[in-house]
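4 protein chains.
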Amino acid sequence: MTNTNLGIDTVVSPEGSLEVLSQSEVNRLKSTSENGQYELLRGCALAVLNCGSHTDDSKAILEQNRNFDIEVLQQDRGVKLKLTQAPASAFVEGQMIRGIREHLSSVLRDIVYVSNEIEHNDRFDLQDSEGITNAIFHILRNSGTLRANEKPSIVVCWGGHSISREEYNYTKEAGHEMGLRRLNICTGCGPGAMKGPMKGANLAHAKQRILDGRYLGISEPGIIAAESPNPIVNELVIMPDIEKRLEAFVRTGHGIVVFPGGAGTAEEILYLLGILLNPQNDDQPFPVIFTGPASSAEYWQQLDQFIGLTLGAKAQKRYRIIIDDPKQVAREMTAGIQRVEEFRRANHDSFYFNWRLKISPEFQQPFDPSHENMATLDINLNQETHKLAANLRRVFSGIVAGNVKATGITAIEQLGPFQINGAKEIMQPLDSLLQSFVQQQRMKLPGSKYNPCYEIAQQ
Amino acid sequence: MTNTNLGIDTVVSPEGSLEVLSQSEVNRLKSTSENGQYELLRGCALAVLNCGSHTDDSKAILEQNRNFDIEVLQQDRGVKLKLTQAPASAFVEGQMIRGIREHLSSVLRDIVYVSNEIEHNDRFDLQDSEGITNAIFHILRNSGTLRANEKPSIVVCWGGHSISREEYNYTKEAGHEMGLRRLNICTGCGPGAMKGPMKGANLAHAKQRILDGRYLGISEPGIIAAESPNPIVNELVIMPDIEKRLEAFVRTGHGIVVFPGGAGTAEEILYLLGILLNPQNDDQPFPVIFTGPASSAEYWQQLDQFIGLTLGAKAQKRYRIIIDDPKQVAREMTAGIQRVEEFRRANHDSFYFNWRLKISPEFQQPFDPSHENMATLDINLNQETHKLAANLRRVFSGIVAGNVKATGITAIEQLGPFQINGAKEIMQPLDSLLQSFVQQQRMKLPGSKYNPCYEIAQQ
Amino acid sequence: MTNTNLGIDTVVSPEGSLEVLSQSEVNRLKSTSENGQYELLRGCALAVLNCGSHTDDSKAILEQNRNFDIEVLQQDRGVKLKLTQAPASAFVEGQMIRGIREHLSSVLRDIVYVSNEIEHNDRFDLQDSEGITNAIFHILRNSGTLRANEKPSIVVCWGGHSISREEYNYTKEAGHEMGLRRLNICTGCGPGAMKGPMKGANLAHAKQRILDGRYLGISEPGIIAAESPNPIVNELVIMPDIEKRLEAFVRTGHGIVVFPGGAGTAEEILYLLGILLNPQNDDQPFPVIFTGPASSAEYWQQLDQFIGLTLGAKAQKRYRIIIDDPKQVAREMTAGIQRVEEFRRANHDSFYFNWRLKISPEFQQPFDPSHENMATLDINLNQETHKLAANLRRVFSGIVAGNVKATGITAIEQLGPFQINGAKEIMQPLDSLLQSFVQQQRMKLPGSKYNPCYEIAQQ
Amino acid sequence: MTNTNLGIDTVVSPEGSLEVLSQSEVNRLKSTSENGQYELLRGCALAVLNCGSHTDDSKAILEQNRNFDIEVLQQDRGVKLKLTQAPASAFVEGQMIRGIREHLSSVLRDIVYVSNEIEHNDRFDLQDSEGITNAIFHILRNSGTLRANEKPSIVVCWGGHSISREEYNYTKEAGHEMGLRRLNICTGCGPGAMKGPMKGANLAHAKQRILDGRYLGISEPGIIAAESPNPIVNELVIMPDIEKRLEAFVRTGHGIVVFPGGAGTAEEILYLLGILLNPQNDDQPFPVIFTGPASSAEYWQQLDQFIGLTLGAKAQKRYRIIIDDPKQVAREMTAGIQRVEEFRRANHDSFYFNWRLKISPEFQQPFDPSHENMATLDINLNQETHKLAANLRRVFSGIVAGNVKATGITAIEQLGPFQINGAKEIMQPLDSLLQSFVQQQRMKLPGSKYNPCYEIAQQ
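Line order of the protein sequences matches chains X, Y, F and R.
Residue numbers are given in this note's numbering: position 34 of the first sequence equals residue 34, and the series is strictly consecutive.
Residue numbers are given in this note's numbering: position 373 of the second sequence equals residue 373, and the series is strictly consecutive.
Residue numbers are given in this note's numbering: position 293 of the third sequence equals residue 293, and the series is strictly consecutive.
Residue numbers are given in this note's numbering: position 275 of the fourth sequence equals residue 275, and the series is strictly consecutive.
One or more of the hints may lead you astray.
Note: identical chains are not told apart, hence a pair may lie in one copy or across any two.
[Said to hold, decoys possible] Lysine-lysine pairs mimicking DSS-like chemistry, simulated, CA-CA at most 25 Å apart: (1) K151 <-> K82; (2) K82 <-> K358; (3) K327 <-> K387; (4) K80 <-> K151; (5) K59 <-> K444.
None of these hints come from the bench; they were simulated from the model.
Turn these sequences into a full structure, and let the hints guide you.
Given below as C-alpha cells:
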C-alpha cells in the first residue's frame, strides 16, 4: 500500500462511539487555548489516519503532514469531521475505511472524556494511587471496553514493532492458535508484534464463525503516531499517558504473551515484573509467557539472564519461556486464564477489571524523560527490587521516547543523547542488551540507520 | 394481575445499561449518609418493581412495602442486586420480567450518573439556564437516548393516568396509527394515557416488523412511584426533578400529542405553551395536537377557553384540537415532524436534541410546592403572559404533588389543603376546570373518594 | 379501521421467504391453465390483503373484489408482485404493511412448493398415510417452520372466530400469561380466538424483551379468505387442504389450548380426540386444555357431555377444563410441555415434528362435503370410537364449509341445507349443541342473521 | 498445522443449513444400496474434515482414512453426525472447528437435495439444456446462495491449487484490494489461488467492518477431496459434477479473476471462453481478468498465445491481462461489475443468477474421461471454434482427473497414461504448455515427483 503524497479533503462521520456531543464539547475541541484540545485531537487523528505509512518517526509524520487539518462540525445527524489534506492511505477510492472512521470516533471520545471528566474535574485525585486507578476504570468503562457477562479471554500481546519476517509470522501463528481457542487479543497498536497476533486471531475467528472477536488496542497520545492502529483493531482506547496505558493493559488483560522486541518491550516486561514482585500480588494467578520462533532462543536467554541478575529468581518464576511452539503457547494461556477465572470467581472479583492487583505509586506516576531525569535515575542493586524495576522501566521508557516520540526526538536533537548512569554490574549487561537490540534492528523500523539516543555512562 | 402480598427474595442481574460499577460507586449506593444514594435507589427500585400495582398513592406504596430492601453486590460478572421482599407482580414464576430488570438497571445508571457527574460535581452550574440544559443533555446522552443517525420520529404523549376505558382505548388507537407510520412513543410512564399509546404502537410495530421500536419513558424520583413504568417501556430515564423531566420531553420529542388528563396534564400543557410563547421560539415548528374520543369534545373546549382567557390567542395557535380521529392525529403528526426535520436540516441542528428551543429560567428552576410557596404564587393578568404561564404551571404542579407524591401527601395531611390565591377572573375558571377534573375522576385512580388538596381562595 | 372502497394499484416486493423464483415457476404462477396456479394465488393473496375486513363470507369477499388482480414480475433484485385494485386496508399511506408483504411472500412460497414439489411430483404418495405425513413435513420444512435447536414451546390455540368481547379479552389474557412464560402461539389465523392469544403473547414478549417470539398461522386455501391472517402472524403456512392443516397443527404444536368456538372448533376437538384415542398414542404426553371466562362454564359442560356420550370417558381424560384462570392455563401448559420435552428426549424424537403420533387414514384423507357425502355419513354408536370421531369431525367440517367457504356457500344456495342423518341418541344432543352455537352467535360473525346450512334429520 | 495420525471419535451437530431431515432422508443417507448415499456422504465428509492436510491425492486420502466412518443420528434437537476416526486437524482441543461443522452441514444438505429432488425425480430433464440449468438453479437456491436484494458483488477467482509463495501472496493482495472495495469472493475451494483471495478479502472485510462478507466455495464430489474447503469458506455448495460446477460459477459470479494455475485452470479458461464465444452472448458484459505477479508475465503470454492460436482474436478480446497490480485488478473488476449491474437492470434480469447466458449442450453434458474418450477427442482447427474449445476443455478435464481424482488415478495406474491425439498445429503448443505446467510445479503439490498422466501423440 503506497502512501501517495496527495492528501484528501473530505467530511466524514465518525462511526460507533460518540457521534453525540454537546455544544461546549464541540467548542473545546475547536479551541487551541490552554484547556482546548485541538492540538491533541489533530495529532491523534493524524496518527489514526496514517496507519498505512511505514515510518515510526512521530516527528517526521507531523512534518510531512503539516497541512493536515481537522475540524468538528455539528450537523443534523450528529457530529461530523471535516478533514483537510488527510493521508490518502486511509481511503479506498475516496471513501475512508470504516475501521479508521471508528478509530477517529474513539479518539474523539477519549479526548473529550479524559479532558472533561478526568483532567479538568476535581473528582479524581490523580496524585493518589486509588484516584489514578479509578480514573483508568472510568476511561475504560466510558470506552465500552469493560463488559460484564463476558468470561475472561483477553490476552495482551507485547513485542516489538520492528521485528523480522520470521518473528512476525510466528506472532501470526500464535494469534491464530489463540483465536481458534476463542481467546481475544489486546495490543498496543502498531505494526509487528502488535499486528501479527490480531491478524492471526482474526482469521481463526472467521474459521470459528466468531463475529464478535475483540481486537483491543490501547495507546496514548505520545506513541500513537509511531504505532498507529491497524484497522483490524475494533476497540481503540487512548489513555492519557504511558503509565496509565500500562496499567490499563494489566488490569484488563487476563494473561500476557510477550514476543521479541526492543526497548518498549523491555519497558513493558520490567513494568509487569515490578508489579508482580509486589508481595501483595503473590497469590494472584497471572499467566505470562515469553515466546518466539527457534531463532529467538538466544534473545530470550539474554533477557532471562538480565532479569535474573537485576530482579532475581522470584521474578523469573513469574513467566514461562516457550520457544517455537505456538500451539503450546495457546494451550498454556488457555489454562492460565482458566485459573484466573477460578480465582476471580472465588473472590467475587470482576472479570473485566482487576481491581485486586496492587500497583505501587512509582509505577503509576508519569515519568518525564528529560535529560536531567534520565541522568539521575538510581540504578543499583542497593534498593528494594521493585524500586529497581521501576527505575529500569524508566530507562527503557526514555529510550523509546528518544527513538520514536516527537518530543523525545526533538530533545535529543537539541541536547544530544541521554546519559544513563548506574552501578557497573548492571550497566554492562544493560549495555550489551541494548546493543543486541540495535544489531537486531529492534530499535527502529529497518531502512534507517539507527543513531542511539542514549549513552551508557559506565563508572 | 393480582399483586400477592408475599414479597420475593432474590438476586438479579440488572440488564442492559450499567452492570459495570467502580467500587466507590457501589459504596455510595449502599450508603445512607447525606451524599449516599440508598434511599433514592430504594424508592425508585420499588416503584419500578411495583408496576403491576393499581394505586397511585406513593406514600401508601412505601408503607405497604416497608420491608422491601435492595443491596448492590459486586460479583465476578458485574453488579448484581439483592432484593428482599420485592413486589411479586414483577415476577413470573419466580423470575423477574426482563423488561423490569432493564428498568432496574436504568434506575441504577441514572442515580449513579446524576449524583456523581451532575450534582456532586462543579462542572455544571445548575443555577444557570445553560448549565441546566447542558446537564439534561449529559443525563440523556449517558442513558443512550440521544441517537445520531436516526431521523426525527419521537412523539411525546401526555395525558391522564386516570382516564375512562373509552379514552384509554382511544389512546391505544392513536398509538396504533402512529406506530403503523413508524413513529415512536415517549411518555411519562405510568398507566392510562401514558400506557395506551405504547401498547398500540407496540402492536403496530409488530405488524410492520419493526424490532427496534422505541418506547421511551421519562420519569423523576418524586412521581415514579405513582406512575411506575410499564414493562413495555424499553428506554427509561430518571431525571432529577420535574422541571428537568419536562425539559427532557420538549428537547427530545419531535412533536407532542395530548390526551385528556387531570392536573398533571394541565401542568404539562401550561409548561409547553409558556415556552412556545417565547418570541425566540416563534420560528420553530413544533407540532402539538390535543385529541380524544367524541366524548372528550367538551373537555377540550373548556381547556381551550381557559388557555384563551389566560394565555391568549397566540397560545391557542400553537396547537390543533382533533376529536375522534386517530388516523388524522397520526397523519398530522407525521406531517408536523416532517417540517421539524426540514427545519433542523436547514439550520444544521441535531435531530436528537433541540438545543435551539429557548426555555427561560422560570420554567427551569425547581419549584418546591410548600404551603407558603403555593399561597404566594402571583396569579393575575397584569404580568407578561409567559410569567403567568409559569405560575399557573406551578399551581398544577403543586396539586399533583398533593394528590400523589409522598412528600406532598404528608404535607397536606399535616397542614391541610393548599390555599391558592389570585385574580378573580382567573380563579373562577380555574375553579371550574379543577372541579370538572374531580367530577371526571381525573385527579386520582377510581376506587377512592377524592379529597381536594387545594382550596381556591377567591377574593 | 374502515376498509375504503377504493382499491390500490401498486408493485410490491414480497418480503422474507421467497424472492427467488425460476422462470418456469414464474410462468406457472401466471398461467390459468389446469396445472397453472393463477386462481389459487389470486384467492390466497386477496385473503391476505383483506385482513382488515370484517366479514367471514369468502364468496362475498371474492365478489366485492372482482377487479382485484395479481401478476408476478421478474426483476433485477428478485420477484415483484404487481397488484391491481388491492384492498386499501392492507396499506398505510399507500405503503403495504410489512407483515402483509411477508404474508404475500409466504403464500407465493407455499403455492409454488406444494404445486411443484408435492402435487405434480411422483415423489410423495398422497394415497398413503406415511406419504401424506412426509409431504406435510416437507411443506413445513420448506416454510422454515421446523427449527432444530429450539426447545418445545409452541401452543396451538383453537377457538371461534366469532366470540364475545368477554371471551376475546380472556383469550388475550391467556396469551399474555403464556407469552410471559416464553411460550409461542400457533393458530389457524383469523379473528377472535385466533387473534387474541397472539396479541396477548406479543405484548408479553415485548415485556420479556423476546424479539423472536413466534406467531405461527397455519391456514389452507379454502378457509383463508374467511379467516385472513392478522399481520401479527410472523410465520404463515398455507397447507393444501383442511386435513393436512389439522395434521400440521398436531405435529408441530407441543400442546393445545381450546377456547370457546363454533363448528370449526368442534371439528378440531373431534379430530384431536379421535387421534389421541388411538391406542398407539396412549403413552404420549399431549397437554390439552379447554378454557374460557366464567361465562363459558356451561358451554364447556355441554361439550364435555357430548364428548362423554359419543367418545366416552377415555376421551374425556385427554383434556382438562379450566374456567376463568388464565394464569393456571399458562402454568399447566408449561408443565405439560415440559413433559413433552422429557418424553421426546427420552425417545430421541425431534422437538420440531411429532413423527411418533399415529394418525389413521380416515383423519388424513380429504373429505369433500358434498350434499351426498354429508347425507351418508355414518353416525351411530355401533362402530369403533375413533371412526365415530372421524365421522363427527366430517359433520362439523361440512358445516364450516356451508357457513364460510366459497364453494360450500354456493352449494347450499343451489341445493339447500345439508341433511345430516344418524342415530337418535347422537342426533338429539348434536342438534342442541348446534343450536346453542347458533344462539351464542358462534357460527358467523355478528351483524348477519344466521341461516343454518344443515338440517338434522332425526329418525 | 500438523495432521496427527490419531483420529477422533465424536458426535457433532451440523451447523447452519440442514439440521432438519425426514426419516426417509436419514435412512437413505445410511444406506449403501444403489440409491443410497452413504459412500458419497462419507467421501465428501472426509474431504471437508481433511482440510488441514497437505496432499491433493484423493485416492491416498481415502486410503489413509480407511477407518473413517460417519453415521447420521436423529436426535431430539435435530440431526447429529457420529464420526469415527475423523481427521484430527478438523478439531481444536477436541472441539470441531465451527466452520467445518457448517461445511459438514452443507455436504449433507446438498447430497440430500441433489439425490432426492434432482436425480431420483422426474421433474428435471437432465438430458436437456434448460433442464440442466434449471436443476443448477434449484440446487443453488436450496443452498441459500441466491440472494435477492443484494447488488452484484461476487468475483469468481480461479487459479492453481499448487502455486509459488510469491503467487500466493499476490492472490492475497488481490483479494485484499477487492475486499476493501466490498466485493465478495467465490472459488472452487482448496489451497493456493482458491484460498489466498479469501484470506485477503476476509482481512479487508474486517477492516471495513463487513460482518457478512461472502466466501463462497463451489465444489463437486470428485474434486473436493483434493481441494478441500478452507474453513474461511462460509457458503459451501457441492454440485453433482464438474460441468454443473462450472456452470454454477458462471451463472452466479458477476466477474472472474484468473490467477496462474495448471490443468484445472486451463480447463476453466477454455470453458469460459468457449461460452463467451457463443454469438448469443456477444452483448453481455462479463468482466474477465487474468493476473499475477511480475514473474507470471511469461506464463500469461504463453497462455494468451495458445488461446489466440486455437480460439482466435475474438476470444482474446474477452479478457484483460494485468500484471503485478492488484489495486488495478480490483478497480477494473469493480467497474466491470458496475456494467453488469446496469445491463441486468436494463434487461430486468436477476442479479443473483445469470439466466441470459447461453451455454450450449457440449459444455453441459458430463464428460467421462475414460481412456477411450480421451483418445478420441476431436482436436483440430476444422471445426467451429466453440466446439474446439469444448474439446480442449475435455482434454484438461481428463488431465485433472488423472492427476488428483481417485477414479482417474486408479484408471491411470491400471491402463497407463491417456493418449491425446490431434492436429499437429495444436498438439505442439499444447505439449509445450503442459510441459511448462509440469516444470513450474503446477500439476501437483510440491514434494512429490510428477509423473504425467498423459501422452501427447503427435502425428
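Cross-check of the supplied hints:
no. : hint          : in the structure
1   : K151 <-> K82  : between (40 Å within a copy, 22 Å between copies)
2   : K82 <-> K358  : neither (43 Å within a copy, 29 Å between copies)
3   : K327 <-> K387 : neither (36 Å within a copy, 53 Å between copies)
4   : K80 <-> K151  : between (36 Å within a copy, 16 Å between copies)
5   : K59 <-> K444  : within (14 Å within a copy, 51 Å between copies)
Against the hints set out earlier in the document, violations occur for numbers 2, 3.
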